[in-house]
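Quick mapping for you: the protein sequence lines, in order, are chains A and B.
For the first sequence, the working numbering gives the first residue as 4, with consecutive numbering after it.
For the second sequence, the working numbering gives the first residue as 51, with consecutive numbering after it.
Simulated from the structure, these hints should not be mistaken for lab results.
Don't take every hint at face value.
Said to hold, decoys possible - DEER-style ranges, computed between Cβ atoms:
| id | chain 1 | residue 1 | chain 2 | residue 2 | range |
| --- | --- | --- | --- | --- | --- |
| 1 | B | Arg178 | A | Lys96 | 39 to 45 angstroms |
| 2 | B | Ala275 | A | Ile157 | 54 to 60 angstroms |
| 3 | A | Arg207 | B | Ser130 | 53 to 59 angstroms |
Every residue, glycine too, gets a C-beta built ideally from N, C-alpha and C.
The primary structure of each chain is shown beneath.
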Amino acid sequence: MSADQASVRGPSRRRVRDLLTNPWAKPRFLWVLGIAYVVWTLVPVMTAALFSFNSTRSISIWSGFSLRWYITDPNESVLHDPDLRHAVLQSLKLATGAVIVSVPIGLGFALALDKWRSRASGTANFLMMFSFITPELILAVSLFLLFLNPFKFIGLGTPSQLLGLGLLAIPYAVIIVRSRLLSLGVDLEEAAMDLGASPLQATRRVTLPLLSPAIFASAGIIFAFTLDDFVMVQQLARTGSDQTVAMAIYGAARTAPSPAVNAIGTLMLIASTLVISLAYLVYRRSIRRHGAGFRARRDALPV
Amino acid sequence: MSSSDVAARQRPIAAAPKADTGYPRWFWPSFATPGMLYLLILFVLPFYVILSVAFGKLDPIFQTPVLVWNPLNWDTGILSFTVSNITHTDGIYHAAFIRTFVYVALSMLLCLLIGYPFAYFLSRHAGRTKGLFLALFFAPFWFSYMLRMLAWIGLLQDQGYINRALQDVGLIGAPYPFLSGKSWVLVLGLVYGYVPYMVLPLYAGLDRIPNAHLEAARDLGASPARTFFRVTLPQTWQAILAGLIIAGLPMFGDYFTQQLLANTVGTKMIGNFIIDSLDVPIFVNRGASLILVLMALLVVPIVYYLWSTGRAARERAA
Numbered sequence: 004m005s006a007d008q009a010s011v012r013g014p015s016r017r018r019v020r021d022l023l024t025n026p027w028a029k030p031r032f033l034w035v036l037g038i039a040y041v042v043w044t045l046v047p048v049m050t051a052a053l054f055s056f057n058s059t060r061s062i063s064i065w066s067g068f069s070l071r072w073y074i075t076d077p078n079e080s081v082l083h084d085p086d087l088r089h090a091v092l093q094s095l096k097l098a099t100g101a102v103i104v105s106v107p108i109g110l111g112f113a114l115a116l117d118k119w120r121s122r123a124s125g126t127a128n129f130l131m132m133f134s135f136i137t138p139e140l141i142l143a144v145s146l147f148l149l150f151l152n153p154f155k156f157i158g159l160g161t162p163s164q165l166l167g168l169g170l171l172a173i174p175y176a177v178i179i180v181r182s183r184l185l186s187l188g189v190d191l192e193e194a195a196m197d198l199g200a201s202p203l204q205a206t207r208r209v210t211l212p213l214l215s216p217a218i219f220a221s222a223g224i225i226f227a228f229t230l231d232d233f234v235m236v237q238q239l240a241r242t243g244s245d246q247t248v249a250m251a252i253y254g255a256a257r258t259a260p261s262p263a264v265n266a267i268g269t270l271m272l273i274a275s276t277l278v279i280s281l282a283y284l285v286y287r288r289s290i291r292r293h294g295a296g297f298r299a300r301r302d303a304l305p306v
Numbered sequence: 051m052s053s054s055d056v057a058a059r060q061r062p063i064a065a066a067p068k069a070d071t072g073y074p075r076w077f078w079p080s081f082a083t084p085g086m087l088y089l090l091i092l093f094v095l096p097f098y099v100i101l102s103v104a105f106g107k108l109d110p111i112f113q114t115p116v117l118v119w120n121p122l123n124w125d126t127g128i129l130s131f132t133v134s135n136i137t138h139t140d141g142i143y144h145a146a147f148i149r150t151f152v153y154v155a156l157s158m159l160l161c162l163l164i165g166y167p168f169a170y171f172l173s174r175h176a177g178r179t180k181g182l183f184l185a186l187f188f189a190p191f192w193f194s195y196m197l198r199m200l201a202w203i204g205l206l207q208d209q210g211y212i213n214r215a216l217q218d219v220g221l222i223g224a225p226y227p228f229l230s231g232k233s234w235v236l237v238l239g240l241v242y243g244y245v246p247y248m249v250l251p252l253y254a255g256l257d258r259i260p261n262a263h264l265e266a267a268r269d270l271g272a273s274p275a276r277t278f279f280r281v282t283l284p285q286t287w288q289a290i291l292a293g294l295i296i297a298g299l300p301m302f303g304d305y306f307t308q309q310l311l312a313n314t315v316g317t318k319m320i321g322n323f324i325i326d327s328l329d330v331p332i333f334v335n336r337g338a339s340l341i342l343v344l345m346a347l348l349v350v351p352i353v354y355y356l357w358s359t360g361r362a363a364r365e366r367a368a
């Protein structure tokens with residue numbers, strides 16, 4: 004409430020008291036805090052993006068605008084540094100692969116959990132949520148040991164990175180699809196079966212189209228977060244060619260930061276923002292088509 | 051909003067879809083098979099691998115870890131070595147364990163103190179700009195964690211904006227060495243990294259409280275403060291728990307924030323010891339046993355959280 008008190012000029016005790024006790028007063032303190040929070044979380048990232056356009060090698064002293072670190076520098080720009088270029092490709096490859104692996108598996112898992120009520124499905128759900136909440140470091144190290152020992156035939160490298168990201172991503176798909184399933188209910192499916200559809204037909208022709216917004220949303224979210232994953236991908240990398248953007252940023256930040264790293268990070272930021280916005284637009288459009296009653300429930304969040 | 055909408059919103063998931071109508075028995079379970087196999091092979095089995103490394107042996111010639119699959123042949127020597135090095139005040143892991151718990155506890159507390167008012171603002175007072183604030187709030191979720199930390203490295207360097215601003219104001223004469231292993235910089239880095247994960251469940255919990263409850267409290271003469279403490283806060287305990295778990299657990303496995311913002315021996319956390327041990331073959335067993343200890347400590351909050359969210363979901367459904 005200090006902001007309220009400070010904003011009172013010629014403080015009469017009564018006005019202060021009114022301000023503090025009036026339930027309809029605008030909570031200036033909360034507005035200040037809300038704006039401060041957003042500034043605090045976003046402005047540092049904006050400065051990092053800004054310095055990707057710096058004309059010198061510094062990431063803290065601004066010397067003028069240039070595209071040197073994106074295009075023009077013949078050796079160290081994102082366009083010309085083979086390591087950075089490869090890191091972008093590796094990140095995109097892994098994120099795409101993670102979506103392809105995890106969305107169908109998560110979709111099936113969510114459908115099964117929603118319809119199949121038994122002790123076994125409760126255990127399956129518990130196991131999935133347990134993997135979701137376990138610190139990523141523990142998952143990554145256990146997979147590291149798995150691929151080094153019993154699964155030596157797979158070994159470390161891109162395939163194991165992909166499998167590891169799938170483990171992280173499946174719960175996201177399950178949670179998003181399940182929240183949509185909860186809000187859909189069973190009426191339409193039952194109607195389809197009353198009209199003669201087999202279970203498989205009902206699922207394919209009725210449930211799946213209604214789930215498409217949730218499928219798009221989970222694909223977008225999974226793409227955006229596997230694009231930036233660090234711990235799993237780092238532990239399961241074998242050679243330099245497994246390096247992703249997050250690893251490149253980490254490596255440079257520890258040794259010799261250069262604006263080229265800011266540039267590659269900014270590019271990824273733009274990529275994930277685009278994907279998320281696209282997924283959101285598709286989601287909104289297909290939700291609208293089915294009316295407000297089909298809104299996904301935040302009640303399904305694991306809270 | 052029609053009255054049926056209101057009813058639907060307040061009593062969600064009315065009848066949980068009762069299974070099986072017209073479906074063969076095997077139909078739905080078969081959908082879960084790929085996911086179950088995935089979890090068994092890439093989550094449960096790796097856990098067993100950790101056990102068989104932690105309780106395994108060292109190859110006498112190559113000094114590499116040898117897995118022991120049979121629990122009857124497990125050797126607890128390495129685990130007891132690790133545990134005694136945690137519990138004894140002069141043990142090699144003792145300081146790191148204490149440090150990790152202090153850092154994480156402080157960071158969780160700060161996340162809550164920052165996140166709760168912000169989530170409250172977001173759910174109750176953002177008004178017409180709520181959509182904008184929500185979009186801005188969600189942005190860091192798809193920013194790379196590494197880029198967010200890199201941003202702070204740029205700001206906190208000797209020639210960075212923060213040092214220059216402090217010098218311009220005259221608070222300090224020479225640049226302050228923020229990045230030279232300061233515990234508080236690391237804690238603030240953790241808070242910065244994980245605070246969105248705290249806000250998310252808090253926002254979901256606060257937004258779920260029906261307005262009618264607050265209006266009733268006001269109508270019955272409760273002051274705003276009393277309304278908050280007697281009506282709002284008690285309804286968000288579950289969300290606070292969720293926030294502490296979702297933001298806090300990953301911090302226990304954090305090693306990169308330390309490496310980027312405070313790369314000194316005196317600020318090493320458990321995660322750093324685990325990661326470091328993987329680089330040296332003779333220490334891999336120790337790393338696995340550290341993971342076992344960490345998991346043993348975390349399994350209680352994890353299971354409690356899963357149990358209590360399951361209960362809360364059932365209560366909402368009832």
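We went through each hint and held it up to the structure:
For the pair Arg178 of chain B and Lys96 of chain A, the beta carbons lie near 42 angstroms from each other, so the given range of 39 to 45 angstroms is met. The hinted range of 54 to 60 angstroms is satisfied by Ala275 of chain B and Ile157 of chain A, whose Cβ atoms lie roughly 59 angstroms apart. Checked against the given bound of 53 to 59 angstroms, the beta carbons of Arg207 of chain A and Ser130 of chain B, roughly 56 angstroms apart, stay inside it.
Taken one by one, the earlier hints all hold for this structure without exception.
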